[in-house]
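Trainee: Listed below, chain by chain, are the residues.
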Amino acid sequence: SAVISQKPSRDICQRGTSLTIQCQVDSQVTMMFWYRQQPGQSLTLIATANQGSEATYESGFVIDKFPISRPNLTFSTLTVSNMSPEDSSIYLCSVVLGQQYFGPGTRLTVT
Amino acid sequence: GIQVEQSPPDLILQEGANSTLRCNFSDSVNNLQWFHQNPWGQLINLFYIPSGTKQNGRLSATTVATERYSLLYISSSQTTDSGVYFCAVEGQAGTALIFGKGTTLSVSS
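So the protein sequences, as listed, match chains A and B. Start counting the first sequence at 1; every next residue gets the next number (the numbering used here). Start counting the second sequence at 1; every next residue gets the next number (the numbering used here).
One or more of the hints may lead you astray.
Claimed, not checked - Per label pair, the in silico range of CB-to-CB distance:
1. B:Gly91 <-> A:Gly60: 14 to 22 Å
2. B:Gly1 <-> A:Ser27: 25 to 33 Å
3. A:Ser5 <-> B:Ser51: 27 to 35 Å
4. A:Cys13 <-> B:Gln42: 16 to 24 Å
5. B:Ser26 <-> A:Thr109: 22 to 30 Å
6. A:Ser53 <-> B:Gln42: 37 to 45 Å
7. B:Gly16 <-> A:Glu54: 50 to 58 Å
Source of the hints: derived by calculation from the structure; they are not laboratory data. This structure is a prediction, so every number in the text was calculated from the model and none was measured. Note that beta-carbon positions come from the ideal geometry of N, C-alpha and C, so glycine has one too.
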């Protein structure tokens with residue numbers, strides 16, 4: 001199994017600012033995934049982050065808006081840039097260790 | 001890509017009732033998982049079940065991979081079972097999960 005922590009757990013931000021979300025895993029993993037869950041919706045994959053290479057983004061998500069870092073095998077960050085109210089969501093990271101495990105999420109509200 | 005459909009979208013139960021949630025998927029999958037998202041937003045792993053049947057207390061799940069569906073059974077439901085239940089599939093090993101839209105369960109006392 002995997003234990004995943006995320007920081008911050010929640011935040012309220014002004015539009016036009018940026019927020020960096022941290023994801024820490026207690027095991028070394030090759031791939032980490034970042035998901036977004038908009039209010040009342042299901043989870044949508046933002047990008048796949050491999051250590052030592054550029055993240056791979058899904059259709060509709062771009063690096064300028066959601067830059068990702070993956071400096072080692074246990075840590076990753078997702079930045080939500082130039083935020084607007086439409087970015088208000090829960091952001092979750094996940095890893096694969098046999099099955100997939102999710103962090104507790106970061107609840108972001110943009111005003 | 002693989003499509004995941006869950007039914008019903010909403011379910012209202014009295015405490016003590018039983019229920020069955022269904023997940024259909026459009027192609028063969030490497031993995032299937034059921035999650036419960038509690039009212040605070042946390043995703044809780046219920047089952048890792050690419051095939052076969054598993055049970056954990058009042059919950060059980062069955063996946064029939066050849067027919068591309070999975071069922072989640074909740075028996076003797078309790079108010080703490082309320083929340084959203086997601087089915088998610090992994091197309092190829094090591095790839096991200098594709099989520100269904102979820103079933104919102106409300107259990108009243």
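Trainee: All the hints need checking, so say for each whether the structure fits it.
Mentor: Going down the list of hints, with the structure as the test:
no., hint, result
1, B:Gly91 <-> A:Gly60: 14 to 22 Å, "19 Å, holds"
2, B:Gly1 <-> A:Ser27: 25 to 33 Å, "28 Å, holds"
3, A:Ser5 <-> B:Ser51: 27 to 35 Å, "32 Å, holds"
4, A:Cys13 <-> B:Gln42: 16 to 24 Å, "21 Å, holds"
5, B:Ser26 <-> A:Thr109: 22 to 30 Å, "35 Å, violated"
6, A:Ser53 <-> B:Gln42: 37 to 45 Å, "30 Å, violated"
7, B:Gly16 <-> A:Glu54: 50 to 58 Å, "52 Å, holds"
The structure shown violates the earlier hints numbered 5, 6.
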